[in-house]
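Chains as they are written, first to last, in the working numbering: chain A, 4 to 167; chain Z, 278 to 1067.
If you are wondering where the hints come from, they were derived from the structure by calculation, not from laboratory data.
A virtual CB, placed ideally from N, CA and C, is assigned to each residue, including glycine.
Please note that a few of the clues may not be correct.
In the DSSO-like style, the derived pairs of lysine-lysine whose C-alpha atoms are separated by at most 30 Å in a straight line are [what the hints assert, rightly or not]: (1) Lys729(Z) to Lys123(A); (2) Lys381(Z) to Lys430(Z); (3) Lys932(Z) to Lys1067(Z); (4) Lys680(Z) to Lys728(Z); (5) Lys1001(Z) to Lys123(A); (6) Lys728(Z) to Lys1001(Z).
Far from chain A by the CB rule (all over 10 Å, computed), these chain Z residues [stated by the list, open to error]: (7) Thr345; (8) Thr362; (9) Gly671; (10) Ile952.
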Amino acid sequence: MNKISMTVNGKSVSADAEGRTLLSTYLRDGLGLTGTHVGCDTSQCGACVVHVDGQVVKSCSVLAMDVAGADIRTIEGVAAPDGTLSTLQQAFQDHHGLQCGFCTPGMIMSAAALLEENPKPSEAEIRHYLEGNICRCTGYHNIIKAVMAASGQDVSDMGTIAAE
Amino acid sequence: MPKDGIGASTKRREDIRFLTGNGRYTDDINLRGQAYVHFLRSEVAHGRIRSIDTSAASAMPGVIRIFTAEDFGHAGGLPCGWLVTDRFGEPMQEPKHPILAEGKVRHVGDPICGIVAETLEQARDAAEAIELDIEELPAVVDMRKALEDNSVKVHDDLTSNLCYDWGFVEENKEAVNAAFAEAAHVVSVELTNNRLCANPMEARVAIGDYDPWNEQHTLYTTSQNPHVIRLLMGAFVLSLPEHKLRIVAPDVGGGFGSKIYHYAEEAFCTHVAKVLRQPVKWTSTRSEAFISDAHARDHVSKVELALDKDHNFLAIRSTTLANMGAYLSTFAPSVPTWLHGTLMAGPYKTPLVYVNVKAVFTNTVAVDAYRGAGRPEATFQLERIIDKAARELGVDGVELRRKNFIKPEQFPYQTPVAVEYDSGNFHATMDKMLELSNYANLDKRVEESRKKGKLRGFGISQYIEACGIAPSHLVGQLGARAGLYETATVRVNATGSISVLTGCHSHGQGHETSFPQIVADMIGIDASQIDIVHGDTATTPMGMGTYGSRSMAVGGSALVKATNKIIDKAKKIAAHLLEASEADIELKDGKFSVAGTDKSVDWAGVTLAAYVPHNYPLESLEPGLEETAFYDPNNFTFPSGCYGCEIEVDPDTGKVEIMAFTAADDFGVVINPMIVEGQVHGGLAQGIGQALTENCVYDENGQLLTGSFMDYTMPRADDLPVFKVDHSCFTPCTHNPLGAKGCGEAGAIGAPPAVVNAVIDALHRAGHTHVQHINMPVTPARVWAAMNSK
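Taking the hints into account, I'd like the entire structure generated from these sequences.
Next up, the structure:
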């Protein structure tokens, strides 16, 4: 066991980890940041996506010790400190882009990275970008819709919009 | 009506915690001093355990104790919740399902040892040091081979691998055969309903805890129905009385049926926590889920349709082999029988139906219900055989269906397969689907695709299903070992806010938003004043949980019933406060008033009086405002609808691409349209997944070849289209107070035949008329092979 330190959601943190401890385990068990989920063991599902120094990373496929000192952003660091949802999070609620919520943290982290790279992605671009995030509940329809809406695009032909 | 009442697309309140990383799933729970469990599982599909030597492993760092079957000698096997009686009147064969393998292992993944250690890594390391001597035996995987006389037996103490041979309706068998003998046309098709894995994104987790202070066992588990787990595990497995056993199912990351069942790991953790006097936690990996979660479907069927010279359906005859796997999972026997045979009339007025099902044990993981459960298998047979009949007879599939539909004025309609449909309008949903999918211009789109070198086709599927499970007296007669009512307690607090305690469980369905809409609508207060409590047997009344699209139809009806009791009592209190007759009290927008006067008292005034009963009719009315209702349905509900799938086939590769998918459903009265649309999207995705990509494949030795997301092809964002969904053609359920029918499973039931019919249509339009059927999943390899075979 070694103490490993990094910056997570703007705070300096440290916790014990073995050499084999994955970043996802470090975040969940070491820091108690359980918003990052683990949905598979083959780096396929994307529920564990976080940002490492601004890059999209599946935290189940990185050793915690390899990102010592890095700047990590997790789902817990997306909303404003007062709890106000980001535009993307709000769009997911407005357009019912989540059901059980398990894939949602990874989906938000991936979609946020997409919108930073490509502020107005097409439907096809969104589907392609999110190919590494599996959702079993929504059929992706409302996730695509939420990401398009968050980027200011008209989604009025894609079904019901939630009431206030 | 308040703005968040019935029919409003209210945003989901639970989303806030899920979107910010504040959900509390079972694996997010860590108890002080908890140990970790790792299961050593069988790597062979069938074998005799010669010896298990745990001595070296027990001495490994951090190992607390290693458990084997010997440690569970006192415990019962995992019970089966449904007894099917075969067509000769005999009960099904029901083998013991031990918590840990006793003497034999019967499928890859069968748990043999449970290693408890201070860390998960230590438990896994110790598993490597267990010396296991297993004599590998020949495995039986193929159902036909399993039924041969000289087959290897999965269970030595059973007479064969046949669980049951079921006939329905047995008395109709000869009449059905006679109808076929005399029919002008007979069409038949042999097909498989491919084996699936439910794969909710959250794998299963169990944490056992024992508190000597009150001698209470607590199990935190990923369950769709905590009370069912308490009943089954307490009464049949561990002999724990219910008042000493608490089951908590917090946020659950999807279920789709796979989290209904009582699993060995739950009993293990509950028991071991007491033995070791410390909490023990097990978290399934995805690889482990593939070999320990109940699988789904896996039917091999032959279906035949008899028609008269005018193309009226005369009879349906269906024979199925249904895979049970190595053990009977909790509700496995009911799926190919009562959830399948009773739907074989479909939306059609076919007068005679006979269904035969042989359920078979194999050396594979257990098979049980998954989204749709039996109804997708029935719908797939019906909609494929009708599609084939239309082609063979040279008639339009739309017209052939319309001609044979039960007409809107014929409801209630008694089918020849026991169930009575209360309502429906199949013509309306079909017309709506054809309109929304612009079916009239299909030929033009086919031509445009042809110019691009693509083969376009359109497939139709008209389904009806049975939800709102279920009338207890009826399912009792059919072999269910449980009642299937639902409960709600409406606990009104002194200042007027309300806690609704429900036996239903939300694992994505949005009950925390939709259930308050009902109460808000009935009382006329803001939905934000109402909260749902669910998922904990310590805080909720005994209820049967969430599956079979039952929550709104059954649980919602219980909630209406309980809320009506609240309103009745509140009116009595209001009458006292207003010094008026109870009969003159009206409730509107959260205010009680005396008819024809300006005297009124608001909701909070009444609720405060109920709990601070200074001015209160104590001689005739108890204080307080809390009511419980149990609702036992009078009948199943029957959602129905019509789906249209438009696809393109790339003739060079055989790859199928979905170009458009249209769903016109009749769910009865809809509480939250936004949530209902989401449920349809998800069901369609799973139905399309079954049709195009998903498949559990075992080799002949019983090794699972598709044991991870690398091999089992989950539909991804770029595999699916934008869906067009509609639920405007609704006919209210006639026998529950909401008129709601249920919407959770429809997509998974109706979608697969629409997809396959579309592929066959595309191939026929392109001249590949020799292709009669392609089994699911309709992969590029299968399509290409079908096109290029003669």
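Structure-based check of each hint:
Between Lys729(Z) and Lys123(A), the direct Cα distance comes to roughly 29 Å. Compliance with the 30 Å bound is thereby established for this hinted pair. Proximity of Lys381(Z) to Lys430(Z) is assessed by CA-CA distance (about 12 Å); at most 30 Å being required, the pair is judged to hold. Distance restraint check for Lys932(Z) and Lys1067(Z): the Cα-Cα separation of roughly 19 Å lies within the 30 Å cut-off, and the hinted pair is therefore satisfied. Pair hint Lys680(Z) plus Lys728(Z) does not hold up; C-alpha atoms about 35 Å apart against a cutoff of 30 Å.
As the CA atoms of Lys1001(Z) and Lys123(A) are separated by approximately 23 Å, the hinted pair is consistent with the 30 Å bound. Taken as a hint, the Lys728(Z) and Lys1001(Z) pair is honoured in the structure, with Cα atoms around 26 Å apart against an allowance of 30 Å. At the 10 Å boundary, the C-beta of Thr345(Z) stays outside the reach of chain A, the nearest C-beta of that chain being 26 Å off. No beta-carbon of chain A comes within 10 Å of the beta-carbon of Thr362(Z); the shortest separation is about 35 Å.
Every CB of chain A lies more than 10 Å from the CB of Gly671(Z), the least distance being 36 Å, so the non-interface label holds. Under the 10 Å C-beta cut-off, the non-interface status given to Ile952(Z) relative to chain A is violated; the minimum distance is some 7 Å.
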